[in-house]
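Participant: Given the structure of chain A, go ahead and fit chain B onto it with the hints provided.
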Amino acid sequence: MLVIGRIGSFERMFYNAHLVFSSLVVLLQVSHASEILRPRGVSISKASFYVPERDFTCMDGSATVPFIYVNDDYCDCEDGSDEPGTPACPNGTFHCTNAGHKPLNIPSSRVNDGICDCCDTSDEYASQASCVNNCNELGRAARAEAQKLAELTKQGSELRIQLSKKGKQIRQEKQEKLNQLEKDLGEAERLKKEKEGLKIAAEDLEGSALKQYQQEEEERKQAQNEEEKRENEQEAFEYFHKLDSNQDGKLQLSELQVRQTFDSNRDGEVSDDEAKFLLNQQEEMSWEDFVISGWPRMKPLLMLDKGLFQGPDSTHTAKQEGDNNQEKEHISEGKEEELDHSEDDEDEEEEEEEDDKLYEPHPEEEDPSAYEEDEEEGETANEAKGEVEEAASKYDEETQRLINEANQARSEFEEADRNVRDIQREIQQIKDTLLKDYGSEEEFAPLDGECFEFTDNEYIYKLCPFDQATQRSKSGGADTRLGSWSGWIGADDDKYRTMLFDGGQSCWNGPQRSTKVKLLCGTEHALKSVSEPNRCEYFFEFVTPAVCLQLDSGDKQDNIKDEL
Amino acid sequence: MKKIRQCFGIVLWLIIVSLGCNPVQSVDRNNFKTCEQSSFCRRSRRVKPGQSPYQLHLNTLSVGSSSISAELVNYNNLAKFKFELSAIKEETFRMKISELSPIRPRYEVESALVSEPELDTLKIIEQTADHVTVQAGANEAKVFAAPFRVDLYSHGQLVISSNARGLLKFEHYRKKPEPKAEEGAGAAEEAEAAGEEDIEADPGAWEENFKSHHDTKPYGPAAVALDFSFVGAHHAYGIPEHADSFALKSTKNTDPYRLYNLDVFEYELWNPMALYGSVPFLIAHGPARTVGVLWLNAAETWVDILSSGDQTVVSSIVNFVSGSDPTPQVDAHFISETGIIDVFFNLGPRPLDVFRQYTKLTGTAPLPQYFAIAYHQSRWNYNDQDDVRMVESKFDEHDLPLDVMWLDIEHTDNKKYFTWDHLRFSQPTEMTQNLTAHGRKLVVIVDPHIKRDGSYFLHNDAESNGYYVKNKEGRDFEGWCWPGSSSYLDFLNPAVQDYYAQRYSLDNFKGSTEDTYIWNDMNEPSVFSGPEVTMHKDCVHHGGWEHREIHNIYALLNTKVTFNGLFRRSEGKLRPFILTRGHFAGSQRYAAVWTGDNAADWAHLRITVPMCLSLSVSGISFCGADVGGFFRSPDEELITRWYQAAAFQPFFRSHAHIDTKRREPWLFGEETLGVIREALRKRYSLLPLWYTLFREHELTGAPVMQPLWAQFPTETDTFAIDDEYLLGDRLLVHPVTEAEASSVTVYFPGPGQIWYDMDSYEAIHVSSKHSGGRTEQIPVNIRKVPVFQRGGTIVPKKERIRRAASLSLDDPFTLLVALDVNGTASGTVYIDDGRSYEYKQGKYLYLDLKFEGKTLTSRFIDKNSKFPTKAWLERVVIIGWPSAVSKARIESKGMGTNVLEASYNSAAHLLVVRKPAVSMAEEWTLSLL
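Residue numbers (my numbering), protein chains in the order written: chain A, 5 to 568; chain B, 15 to 943.
No lab work stands behind these hints: they were computed from the structure. Don't take every hint at face value.
Claimed, not checked - Simulated pairs of lysine-lysine, DSSO-like, Cα-Cα distance not exceeding 27 angstroms:
1) B/Lys675 x A/Lys466
2) B/Lys96 x B/Lys266
3) B/Lys675 x A/Lys499
4) B/Lys675 x A/Lys532
5) B/Lys156 x B/Lys96
6) B/Lys430 x A/Lys478
Said to hold, decoys possible - Partial list, computed: chain B residues near chain A (C-beta under 8 angstroms):
7) Asn448
8) His452
9) Arg816
Claimed, not checked - Pairwise CB distance ranges (calculated):
10) B/Val913 x A/Ser47: 57 to 67 angstroms
11) B/Ala922 x A/Asp64: 30 to 40 angstroms
12) A/Ser47 x B/Gln516: 46 to 56 angstroms
13) B/Asp876 x A/Trp512: 32 to 42 angstroms
14) A/Trp512 x B/Gly468: 26 to 36 angstroms
15) B/Lys901 x A/Asp64: 19 to 29 angstroms
16) B/Glu684 x A/Thr61: 53 to 63 angstroms
17) B/Lys901 x A/Val55: 38 to 48 angstroms
Note that the Cβ used here is the ideal one computed from N, Cα and C, for glycine as well.
If we strip away everything but chain A, and leave its shape as in the complex, we get (with noise of 0.2 angstroms):
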C-alpha cells in the first residue's frame, strides 16, 4: 500500500510539472500498464532516480546536470543515466515495458535506427521505421511457447526422475554384484590355492616318475643297441662265412658274381663293377673289412632280396631315417614341455593371457601370412601331441598314472585360475562403471550402453554416450569416428549440459576430430541435429529428459549454440 501510496504522489507531482513545464511533456512517456509517469526508456524500478524538479545527477555520480538535459537527445553522463530515452549516449540502455510481453533493455544505439527492437515499437518514436505494437501477440506466443517448455521440462524432469531411479538402481546392481563378485573372488582365489598345491604335489610325483623312467629308458635304449649291434655282427659272421665258398677268410669278386642278389642293375648278370662296389673296390676283402664296409652295402641288397624292402629306392630309406629321428625329436619335446610345465610358472601364463587380450579386438590387425604359419605350427603341434601320447603310452603303467594325475591337477588348476581371473576383470570393469559421472543423481546412466542416430543429407551420425561419436556416409563405407568419450565439459554451474567426445579419427591436414554435444530437455532421447562449425569439431544437440529440471528457467535452451 505504501507503495502504490508513493507512486500516486509522484504521478501527481508529475501532473503538475507538467502544467507549468509543458515541454517536458516529449520526455515522459505514458505506461499504460501502470500508468506510471517516468522519462521515456527507464524502467519502474529506476523511475524514482529522475525527479522533474530536481537537477539530474548521473547514476555513477560523474555529473549533475539541469533536469531538462535529461533525454535531450545529448550525452552528459559518462554512464548513459541521462539518456535513457535517446540513442545519445555510447554506453546507454533502454528499457521497453513491452506491456502483454516481457520488459526488454536494449542498448540505446537501437533507439531510433530504423529497426524495431520493442514488440511496443517504444524505441522507434522518431525514426522512419513503421513498427507495430505486437506484444500481445508475442506475448501470447511466449506465454504458450513458455507453458509448452514447462509441461516438457513437467513431464521430462519426471522421466528424468525414473532415469536417476533406474541409474542409482543400476549402480545399486552393480555395487551389489560388485560385492558378490568380491566375494566370489575370495572363494576362487582359495579354490586357486588348492589346486595350486595339488597340482604341485602331482607334478613333483609325475616329475620324479619322469625321470626314473627317462634313467630306465636310457639303460634300456643302451642295452638294446649293444644287444642289435651284437645281433648285427653275428648276422654278418654267419653271412661272411656263406658267402666266402673257398673258405679261405676272404671274400672275392667271383664269390660274389655268382650270386644274382648282387645284381643292382637287374641285368642278369653280377658285373665285375657290381661286385667291386661291394668290395669297396678292392679285389678280395677280409672279415675285418666286411663288417666295416662290405655288410653295410650288401645287406640292403641281401633285404631286398628276402622281400623285406618294397624296392631299391635307397631315398626312401633315408626317409625313413629322418622320419624316426623327428619322432625323437618330438618325444623329447614334449618332455621339456611338460617339464616346463611341471615348473608351473605362474607369469609365463599370465603373458599369454595378455596376449590373447592384446590380439582379440583386432583380429582384423594380423598378418595373415603370420595366420598360416600359426596354423603349420598348429598342425605341427598337433602331430606332435599325438606321438606325445604314443610315446607315453610306452610308458610304463605306472608312470602314465602319475602323468594322467598330473595333467588332470594342472587343468583343474588351470580352471580355477582363469575363473579368478574372469572375476577380476569383471570386477575391474564394474569399478570403471562406478567411476564414470553419470551426472549428480545417476540421471545419464541408462544412457550408457545406448546409441542414437542421426541421418542429414550426406551421413548417418550416430552417439553412444559416454562411449563414443561416428559418421557414416549415407552411401555406405566405414564409420568415421569423430571421438571418444572425453568427459563433461558444461560450465562450471552447468556441468552436465555438455559432453566432450575427442581424439577421434585425424582429419586429411587437420586436427583429431572432436565433438560437442550440448545436451536438451526432451520428453524422449533423441540426437536433434549435428553440424561442424570448426572443420573437424562437430556440434550434436542432443535431446534427452535426464537434463530436464523443473527449475530450468528455459534461458539456457536459448543459448545453446553458445559456443559456435
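Facilitator: Same frame as chain A, but now just chain B:
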C-alpha cells in the same frame, strides 16, 4: 561433413600444382618463373647499356597541334617503328612506339584508361639535326635522334630520361626462320656481333617450356622494353602487386619486380615475385620533384630497379651532363613480353599532382556506398543460411557493429556461380532479407571459371555461343579450378560482356536481391592445371588476341563487366560494390582490392601497410587485407592487433580459410572481445571522415591512405617509412604490428606541426627549428591504437555507434577541431544518401569548415548542391585550446541564434561545445564567447 569433398578438391589441386601437403609451408617458388626462365625477360635483361641501335629519322618528323611523330629505326636489323609523342592535359606526355607495318597487329590495351585522354596543345620550340624540343605548358620534351632518347623537363628541370641507358628493345614480328642446322651457329654469332637481339640463339624465342607446360608461341619473339632514369628521385614506388616494402628495392642482385597476375599459394613476403594484380605504374619521388610513369601494357612485365646506391653501375644522367655533385637517381627498366610501348609521363611536380594526373588517365574509385567502408564479416565458408543468421545475431548480441556478411564458394550448387546450394542455402532471399532488416548487406562470390556441366545453364550458353576462351587448337580451353573441369569466359568478347552483365539481373540471378553484392575472386585467372596456375599464353581470345597479350587485364575486364551488371541491375540507381583479387591499372573504377591469401602471422600484418600504400599510390585506394590472416589461426593478440590495424585501413574485412578455427570476436576472451569492439567502434565513429576522404579521392585522385611524403614531400626521412601512413592529410596512423609491444616508435613529420593523440588529446609538437620530423616512443597497451590528428585539421565523426553503418546516416556529427600553432584549423565534410547516384545530380552536401580566432564556420563548397539530411551538429571538440570558455553562440539562417554551453578541460586543453544542434544542411557560424 562436406569436408571430404572439400579435401578432395584441395588434394586434387595440390596434386595438380605439385605442391607439398602442408599448407603452413610457404610458396613453392619452383611453380613460378624466374626472369632467367622466361625467354623475353632474359633476352631483354641482357641488352647491354650504352649501345642503343635505335635512331629517330627527324626528316620524317610530322607535327600536329598536340603531337609529333617520326620513324624510328633499329640499325641492327633496319626494322622500322612509329614514334609518337603527344601532350595530354594535366602535365602529362604520352609516348607511343609501335611497328610501322607489322605482319600482325600489335595489341594495344583496352579498358585501362577511363577514356581517350584529353589532348593538350604542344609546340616545337627548338629543332636541330640532332634533336627536337617540344613544349606543353610548363613541361618540355627533348627528343634526341641518335641514339634515340627522350628527356622530359618539368618547370625547366630534367626529371625523366627515356632510353638514357639504351635498353630500348622492340622485337618486331617476323616470319619463323626455317631451321638450318649448319647456319644456325653462324647466324647467332653474326647477330651478337652486330649487337642484334640474341633471338636466334635463344631456344625459347619460338617455343618455350615451363615445367610440364609447352608454349607454342606461334608469333615468336615480340618483347618490348625501355629504360627510364628519374633524375633527383630518391626512391621509386608503386608497380603493385608485390609483398614487399613500399619503397622499391634495387633489383641489381635479385629478379626484377614481376607483373603477371597469378594465384600464388601461400605467398612469401619481402620479394619481387608476381602476385594477383599488376599495375604498371611507377612513381619516382625526390624532395624537389615527383613524377609517374604508366607503362600501358597488359602482357607479362618485369621491372628492374636501380637506385642511387647502385650508381657504380649506372652513372647519373645529370652528373654526366653537369659534372656536379652526385644527384640521386632511380632507374627503371620495363620489359614486356609483347604489345607496344605506350608510356604516360605524369610530370607532377608534387605527389598529389601525380596522383591527380594518373587518375585522370585511369580513373578514380567511384564513391562507395556507406556500408562498403564499414565492417565486413567473411569466412570460407559459413556453412548454411542458419549459420549466417546465427553469426549475424551474435554480432548484435555482443553489440558489435557489422554491415556485411559474405559467402564464399560453398554457397553455390557445386561451384556453379549464380546458383545456390539447394540444401544449405535453400532460401537465399529470406536469408538476405534477414540481413537487410538489420540494415546489412550480403556479398556472394562469383568467379570467372565456369563448371563444364551439361546441366549448368551458364556452361551451356557459353559453349553453344562460343563465349569461352579458346585453346591454341581453337577449341574451348579447359582447365581445372574449384568445380573441377572448367572453362573461362572470354570477357574481350562484347557479346560475353553483355551476356555476363545480364547474369546479375535479379531475374537471372535467382535468390539475389538489390542488397546482394559481388566478390570476383580467382580472376587472374586462376587455372590449377595451367602453367604457373594460370591460363596458357597461347590461348586465344575474341579478336584473335593471344592470352599472353591481354593476361593482365583479364581481371579488369571481369570486374568491369560485373560492375556493369550491378549498375544495370538497379537501373543505374545504386552504386555497385565489388571486391576483386586480380587487378590492373583502372581496376579502381570498378572494385575494391584485397591482398589475397595472406597468413595469420605478424609479418603478414606488418606488410598490409606497404602493400596497401603501393596500391593506393597506384590509383587503388580501396584496399585491405584479410583480418586475422587467411591461412592458419591467429592467436588472441594477433587478431586483436589486426582488427585495430584494419580499422584504419580502407577495406575492412575479416576472412579465413576453411581449415582454420572460427575466429569471430566473441570466440576469444572477454577482454579481447572488448578490445575488438572498441576497434570496430573507432572505425564506425570515423566513417564520416572515411566517406569524405573517399569522395575527395573520387574528385582529386588523392589516395585515402597516403604515404607520409605525399603531404611532406621534401622531408627525406619520410621516404622509406612504411610502418605508418596518413589518412587524407588529417590522421597519422601507426598500427601496432609487433607481438607483446609495450611501445611503438612513431615518426611525426612536419616541422612546426602539432600532432594530437586521438585518445588522450595529448599534443606532440614537432620543432620548427629543424628540417625533419620528430621520433617518439609511444607507449602502448593492448587497447592502444596509435592514431594522431594533425593540428590544423578538422575531423568529422559520429559518436553514436549503430549496429550497421547504414543506420547512422541521420545521426548527428561531432567535429574534432585540432588547432595548429596559429590556433587555426580547417577541414571538409561530405554528406549524401550513402547509396545512390543522386549525388551526381547535386544531391549532396560538401562542407568547408574553418576555425580561426574564436569562430568556426561551415560553408557549402558547392553552392548548388543540396541534400536534406536530418543529421545535425551534436558537439564541437576544440583540441589544443588554451583557456577556459564557458559559452558559445551558434547562428544560422534556419535556427537563428542560440547560446550554448561549453566545458573546458584545462589539463587536456580541450574545449567541448555542447549541442549546437544546427542542421548539417545549413551554413552556420559558431563563436566562442
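Participant: Indicate, hint by hint, whether the structure satisfies it.
Facilitator: Now the hints, each set against the structure:
1. B/Lys675 x A/Lys466: Distance of about 24 angstroms is within 27 angstroms: holds.
2. B/Lys96 x B/Lys266: 32 angstroms, violated
3. B/Lys675 x A/Lys499: 24 angstroms, holds
4. B/Lys675 x A/Lys532: 24 angstroms, holds
5. B/Lys156 x B/Lys96: 17 angstroms, holds
6. B/Lys430 x A/Lys478: 24 angstroms, holds
7. Asn448: 12 angstroms, violated
8. His452: 6 angstroms, holds
9. Arg816: Result: holds, 5 angstroms to nearest chain A Cβ.
10. B/Val913 x A/Ser47: 57 to 67 angstroms: For B/Val913 and A/Ser47 the Cβ distance comes to about 35 angstroms; the hint is violated.
11. B/Ala922 x A/Asp64: 30 to 40 angstroms: 20 angstroms, violated
12. A/Ser47 x B/Gln516: 46 to 56 angstroms: 55 angstroms Cβ-Cβ, so the 46 to 56 angstroms window holds.
13. B/Asp876 x A/Trp512: 32 to 42 angstroms: Violated - the Cβ-Cβ distance for B/Asp876 and A/Trp512, about 60 angstroms, lies outside 32 to 42 angstroms.
14. A/Trp512 x B/Gly468: 26 to 36 angstroms: 30 angstroms, holds
15. B/Lys901 x A/Asp64: 19 to 29 angstroms: Taking Cβ atoms as reference, B/Lys901 and A/Asp64 lie about 27 angstroms apart, which means the hint holds.
16. B/Glu684 x A/Thr61: 53 to 63 angstroms: Violated - the Cβ-Cβ distance for B/Glu684 and A/Thr61, about 30 angstroms, lies outside 53 to 63 angstroms.
17. B/Lys901 x A/Val55: 38 to 48 angstroms: 27 angstroms, violated
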